[in-house]
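Those sequence lines, one after another, are chains A and B.
All residue numbers in the first sequence are consecutive under this note's numbering, ending with 213.
All residue numbers in the second sequence are consecutive under this note's numbering, ending with 378.
Be aware that one or more of the hints could be misleading.
What the hints assert, rightly or not - List time: in silico SDA-like cross-link candidates among lysine to any residue, alpha-carbon distance up to 20 Å:
1) B:K270 to B:L186
2) B:K149 to B:M216
3) B:K280 to A:H163
4) B:K270 to B:A323
5) A:K107 to B:R239
6) B:K280 to A:M194
7) B:K305 to B:L316
8) B:K149 to B:A138
9) A:K107 to B:L236
10) B:K280 to B:A320
11) A:K107 to B:S297
12) A:K107 to B:Y296
13) B:K280 to A:W164
14) A:K107 to B:Q235
15) A:K107 to B:A246
16) B:K280 to A:I132
17) B:K270 to A:A105
18) B:K149 to B:G214
19) A:K107 to B:I238
20) A:K107 to B:P171
21) B:K270 to A:E135
22) A:K107 to B:W244
23) B:K280 to B:E266
24) B:K280 to A:E135
25) A:K192 to A:L176
26) A:K107 to B:R166
Source of the hints: derived by calculation from the structure; they are not laboratory data.
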Amino acid sequence: MLLAHYARKNPVRDTSRSGQLFVACVVVMMLLSIFSETWELATLEAEFLASDITLEFLGSLGLRHWSLLELILAAGGLAIVLSAMATVGVLLLKAMTPTDRRRPDKVPIETPRTS
Amino acid sequence: MEMDILSSAFLSALLVIVLIDLVLAGDNALVIGLVARHLPKDTQRKVIFWGTFAAVAVRAVMAIGVVWLLKIPGFLVVGGLALIWIARKLLDPQEGGGDHKVAAAQTLGGAIRTVVIADAVMGIDNVLAIGGAAHGSMLLIVLGLLISVPIIVWGSQLVIRLVERWPAVVLLGGAVLAWTAYGMIVQEPLFKSWLAAHPTAKPILVTVIFAIALAPWYSVHLQPKHKPLVVLLPGLLLWLLAFEAAEDVWHLEVDYLEANSMRDYAIQAARWFGWLPIALMYLAWRGRSAPVAAEQTAAK
Numbered sequence: 099m100l101l102a103h104y105a106r107k108n109p110v111r112d113t114s115r116s117g118q119l120f121v122a123c124v125v126v127m128m129l130l131s132i133f134s135e136t137w138e139l140a141t142l143e144a145e146f147l148a149s150d151i152t153l154e155f156l157g158s159l160g161l162r163h164w165s166l167l168e169l170i171l172a173a174g175g176l177a178i179v180l181s182a183m184a185t186v187g188v189l190l191l192k193a194m195t196p197t198d199r200r201r202p203d204k205v206p207i208e209t210p211r212t213s
Numbered sequence: 079m080e081m082d083i084l085s086s087a088f089l090s091a092l093l094v095i096v097l098i099d100l101v102l103a104g105d106n107a108l109v110i111g112l113v114a115r116h117l118p119k120d121t122q123r124k125v126i127f128w129g130t131f132a133a134v135a136v137r138a139v140m141a142i143g144v145v146w147l148l149k150i151p152g153f154l155v156v157g158g159l160a161l162i163w164i165a166r167k168l169l170d171p172q173e174g175g176g177d178h179k180v181a182a183a184q185t186l187g188g189a190i191r192t193v194v195i196a197d198a199v200m201g202i203d204n205v206l207a208i209g210g211a212a213h214g215s216m217l218l219i220v221l222g223l224l225i226s227v228p229i230i231v232w233g234s235q236l237v238i239r240l241v242e243r244w245p246a247v248v249l250l251g252g253a254v255l256a257w258t259a260y261g262m263i264v265q266e267p268l269f270k271s272w273l274a275a276h277p278t279a280k281p282i283l284v285t286v287i288f289a290i291a292l293a294p295w296y297s298v299h300l301q302p303k304h305k306p307l308v309v310l311l312p313g314l315l316l317w318l319l320a321f322e323a324a325e326d327v328w329h330l331e332v333d334y335l336e337a338n339s340m341r342d343y344a345i346q347a348a349r350w351f352g353w354l355p356i357a358l359m360y361l362a363w364r365g366r367s368a369p370v371a372a373e374q375t376a377a378k
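In isolation and in its complexed conformation, chain A is listed as follows (with noise of 0.2 Å):
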């Protein structure tokens, strides 16, 4: 049996959202090199990808050349930046959701009557 087995928590369900946020990136960069790979070979049969404004940055990336270190660090980077997006995303929502009426220290805003 693995080592890993013997450990009280189970990495599929006991994996933080952070650590789980982390290892998506990673696959997802590892599929996005091998992908940049054939959209390289594509674009040079095939005129019309190569308009594409998409394409055409995965494409400078070079990420098919970049060794798995290299897409692990920047899974990383990408992890944060996706997290700070989420975390911003989160507190705009929440600052431009109206409070709800009931709470008790919703400041009610008064309208003068007008005779």
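Guided by the hints, dock chain B onto chain A, whose structure is given.
Same frame as chain A, but now just chain B:
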């Protein structure tokens, strides 16, 4: 193939090997303890010494064997497929059969024989993964063996504590094993020229490999109604891959831009829609067998 020691390729391979040694470390020390538990104290010490020596020797012999085997055409694919299964076993202990029972030995010879067999069985996946990750570099294979020895001898508790503190290490290990499996399969000399001629096959192949190897991880996060995707997604990708292979074997035209006859259009229709009836039959079979499985679980 020897790499420059300070190159990113070498450092990446070394990182992979360290990770593989950590996540695939077996409970050799615990097995030795279990085998020797009924023996006298002085015999136990001999079993511990010779058992540990045997673990290292067996790994060294297996490493030489794996390097030799992987040079034989076809064995890189076999090794890659084995690594996919090892990655699944790492993420889902139940799939690997879980705990194995070890009988206590009555003699020194019996204890050492049991330990050697257990070492060989536990070490094969570690050695195979290191062989695949080393890309033929003997230095990396030796480093992989040297790193695994202290883990076998002293590092059991450290590994367990590492996994308890950062369970993501195991998930990362599974992803790296899948990546190594892909690297082995595409390096197979029998398929190299075909893959070079069919560049679209590589993305399909890598997605299939990751979909199968990491299924125990992402399937946990799927709702029950989406669980069939674990089988349907790799199945669909294999279907598309089969048509890429059929292009050469049966001289079919699978590029829709080049289709110009009824036969070609029929092949295109089969390629893009032919998987639908099979998927529906699978879903129907799954729908029928799910209540039976639920009844059996309730009866237990």
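Tested hints:
no.: 1; hint: B:K270 to B:L186; verdict: violated (50 Å)
no.: 2; hint: B:K149 to B:M216; verdict: holds (13 Å)
no.: 3; hint: B:K280 to A:H163; verdict: holds (15 Å)
no.: 4; hint: B:K270 to B:A323; verdict: holds (13 Å)
no.: 5; hint: A:K107 to B:R239; verdict: holds (10 Å)
no.: 6; hint: B:K280 to A:M194; verdict: violated (45 Å)
no.: 7; hint: B:K305 to B:L316; verdict: holds (18 Å)
no.: 8; hint: B:K149 to B:A138; verdict: holds (17 Å)
no.: 9; hint: A:K107 to B:L236; verdict: holds (15 Å)
no.: 10; hint: B:K280 to B:A320; verdict: holds (13 Å)
no.: 11; hint: A:K107 to B:S297; verdict: holds (18 Å)
no.: 12; hint: A:K107 to B:Y296; verdict: holds (17 Å)
no.: 13; hint: B:K280 to A:W164; verdict: holds (17 Å)
no.: 14; hint: A:K107 to B:Q235; verdict: holds (14 Å)
no.: 15; hint: A:K107 to B:A246; verdict: holds (11 Å)
no.: 16; hint: B:K280 to A:I132; verdict: holds (7 Å)
no.: 17; hint: B:K270 to A:A105; verdict: violated (41 Å)
no.: 18; hint: B:K149 to B:G214; verdict: holds (9 Å)
no.: 19; hint: A:K107 to B:I238; verdict: holds (10 Å)
no.: 20; hint: A:K107 to B:P171; verdict: holds (12 Å)
no.: 21; hint: B:K270 to A:E135; verdict: holds (15 Å)
no.: 22; hint: A:K107 to B:W244; verdict: holds (9 Å)
no.: 23; hint: B:K280 to B:E266; verdict: holds (13 Å)
no.: 24; hint: B:K280 to A:E135; verdict: holds (9 Å)
no.: 25; hint: A:K192 to A:L176; verdict: violated (24 Å)
no.: 26; hint: A:K107 to B:R166; verdict: holds (17 Å)
Going through the hint list in order, the structure does not satisfy hints 1, 6, 17 and 25.
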